[in-house]
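Trainee: Numbering (the working numbering), first residue to last: -12 to 237.
Calculated directly from the structure, the hints in this document are not laboratory data. There's no promise every hint is true.
[What the hints assert, rightly or not] Cross-link-like lysine-lysine pairs, in silico, PhoX-like; alpha carbons within 20 Å at most:
1. Lys63 with Lys19
2. Lys63 with Lys73
3. Lys(-11) with Lys10
4. Lys63 with Lys89
5. Lys73 with Lys(-11)
6. Lys48 with Lys73
7. Lys(-11) with Lys63
[What the hints assert, rightly or not] Computed beta-carbon distance windows for the label pairs:
8. Arg4 with Ser42: 43 to 49 Å
9. Asp182 with Lys63: 44 to 50 Å
10. Asp61 with Gly153: 46 to 52 Å
11. His11 with Lys63: 23 to 29 Å
12. Glu50 with Gly153: 45 to 51 Å
13. Ala165 with Pro20: 44 to 50 Å
14. Ser204 with Lys10: 42 to 48 Å
15. Ser(-3) with Glu201: 36 to 42 Å
16. Ala171 with Leu7: 28 to 34 Å
17. His9 with His143: 39 to 45 Å
18. Asp182 with Lys10: 37 to 43 Å
19. Glu201 with Thr74: 35 to 41 Å
For clarity, every value in this text was computed on a predicted model and none was experimentally measured. For every residue, glycine included, the Cβ atom is placed at its ideal position computed from N, Cα and C.
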Amino acid sequence: MKVVIVGAGSVGSSIARELLAHKHEILLIDLKPEVIGRSGLRGAHWLVGDACELSTLQDAKLEDADVVVSATGDDKVNLVVSLLAKTEFGIGRTVGRVNNPKNDWMFNDAWGVDVAVNTPQLMTALVEEAVEIGDLVRLLTLQTGVSSLVEFTVPHDSHAIGLTVGDIDWPEDSTLVAILRDQAPITPSRDDVIDGGDELFFVTTIAAENQLRELLSPGAGEGRESATAAAATGDQPSQSDQLDDDGFDG
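Turn these sequences into a full structure, and let the hints steer you where they fit.
Mentor: This is the structure we're talking about:
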């Protein structure tokens, strides 16, 4: 895979180093010639120039790239490069670095950004994921801001404990993709029983995040006791109920 990285600072160089280790072809574009000598990136190709200039991107033969990564410390540059890569060269995948969280809203498909990497937001999410129990935490934004990867740690007094994945009527645009239990990942099935301390990972549309949060909140357990009691006494749902989709795709 050919990857063009704009910005050879600490972030761009780190990305290049990882991709080179995985045998990808890397071209770095930077304004400063001196970064070539101090980078230590063996096997990388270099182009010194202003990536906001169309001529520089033409010299880089950007149309041959599979992915363009805009990793400079300037959000304006990252947006311009992403837009040019998408509109002028038809790049299939663009990744843009967000330096100022206030600019995050601009890093979308309107500016040619397929994936926005907001480092401060990501670090905040990882902190919250480690300490927040009983609340939904967004870890990553996917698909040009339409979908997200979110995590929910099940409290030990949650109404969901004891229910199977198939018992829960998940929001239509949310899919449970993994359960982390005792530091071991589990591929969820309808028959898996939810336990306290489980970390549930969902891919969901951002619009459906609130529905998922309401479903998993403590108050959502009201009204489930009757359903649990009915299951315990052996009451069977009607044929029409059996045909209803439970919302779980897996």
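Trainee: Any hints from earlier that this structure breaks? Give me their numbers in increasing order, please.
Mentor: 7, 8
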